[in-house]
Amino acid sequence: MSDFEREERAFRAALSRAADGFEPRELDIPGATEATDEVETTDEKAPVRRRTTWILAAAAAVLAVVGLGGVVANLQSNGGGDATTAASDEGAAEDSSGGAPKALSEQGEAAPEGTYTDRGRTDLPAPAEGMRWAVRYDIAFQVPEEWADATAPARPDCIAEPGDQWDTVPRTPYVANVTNQPVPMIACNETADRDFPAQFGTVPFSLWQPYVLVEKPEPNAAEPETGSWEHEGWLLTRVQIEDAYATILTGPGDDDVNAQIKGSLRTTPKDPYGCETASPLAEGDPVRPKTEPKTSALEGGVPESIAVCRYEPSSASLTGSREITGAAAAALVEAIRIAPARSGPNTPQNCAAGQPITAYVILRIFREEGAPRDVYVNYENCDDHGFFDGTTVRELTPAACRPVFAEEPVTIYSAQGDVARVCLS
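According to our numbering, the sequence shown is numbered sequentially starting from 120.
Source of the hints: derived by calculation from the structure; they are not laboratory data. Don't take each hint at face value.
[What the hints assert, rightly or not] Restraint-style ranges between C-beta atoms, simulated for each label pair:
| no. | residue 1 | residue 2 | range |
| --- | --- | --- | --- |
| 1 | Gln359 | Glu526 | 27 to 37 Å |
| 2 | Lys413 | Met304 | 46 to 56 Å |
| 3 | Arg540 | Ala460 | 19 to 29 Å |
| 4 | Arg521 | Asp314 | 39 to 49 Å |
| 5 | Asp314 | Glu423 | 50 to 60 Å |
| 6 | Gly282 | Ala460 | 47 to 57 Å |
| 7 | Ala446 | Asp362 | 36 to 46 Å |
| 8 | Ala245 | Thr414 | 31 to 41 Å |
| 9 | Arg251 | Ala472 | 35 to 45 Å |
| 10 | Thr510 | Ile305 | 40 to 50 Å |
| 11 | Pro316 | Gln359 | 11 to 21 Å |
| 12 | Ser544 | Pro388 | 26 to 36 Å |
| 13 | Gly419 | Glu361 | 34 to 44 Å |
Using N, Cα and C, we set each Cβ at its ideal position, and we do this for glycine too.
Work out the full structure: start from the sequences and follow the hints.
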């Protein structure tokens, strides 16, 4: 989208809502803050909860760790919304049934032939001009190339006005990350600038940005409402694809973009970089393959690329991915290779036994010869941290760990302080 088109769209939106425009500011994407310690103790006869040091996306006194579905729960309706807020009852019915794209397995067609044949990736076709593929879980879709990967605000209902402490809304169109970021357990009910249908959520109207959110509801949770809704030229569409829901918001004049994103939705076994969308690890704990290879994945020729694949055990699905190529890929392999042959940094005293892992990363190394080889990265909880190359566990070092988590959508949302200091620049 050109600068002229951006200005034109912003101008139209400002006129349509007959309000003063606001001054855009540079996005300060929430990231790691300084580590803080939380200590909880009980009497001597009761089990003691170990001290846990977390890197938080937003500071709060009381925290609960939830997935993206919990972070943006207020963006979803329980299905009981006022029918008059929908564009039309017929449109909503069409979107929730016949209008929703079907999975490839239900279409009776083979996966489309694509352009990723250099590494055996034929699961997705080449994206349309000006578009790129994004994948969350096993759901692939195309968005405009300029749309970023970013984290949705943890508590949009707490935003009193643009720029306050809770305002972490991205300032550009984005694909929402799947996160396990800590979320403050507080009650907020800001009402200013919320004069719009409930289906649009609780982000103030002046902060709206186009986005795509893919989520999988927790077991026994209410199913999100599907349909289409309009507010002052903004179009919100939500459709179901197998056990996932895709929510698409686009601005005035961009209904064709909304339809293009919706029409591209499909399930896929692999993303464009070569990550499997279903985790190759059973339940993600321990973070090791069932069958260990005889040789290290670090051995071999110079890597052509490395797919950085982030998974969550709860859904055993891909939650984010990106690609490292060229000299940077070779440097990462070498940094892992020379890391000390031991686990670490570890702080087992900080975690209770059996605490579940919420995320892990698999590095899939592609070389000109042979099949891709995997390196498993464990950085969650308090123990057994490191890179497992198939034969040896190697310590998380800054040179090896920071490139893995350097860019969205693969980053660390919570970690022990020692790991954060090593892996986050």
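*Are there hints from earlier that the structure breaks, and if so, what are their numbers?*
none
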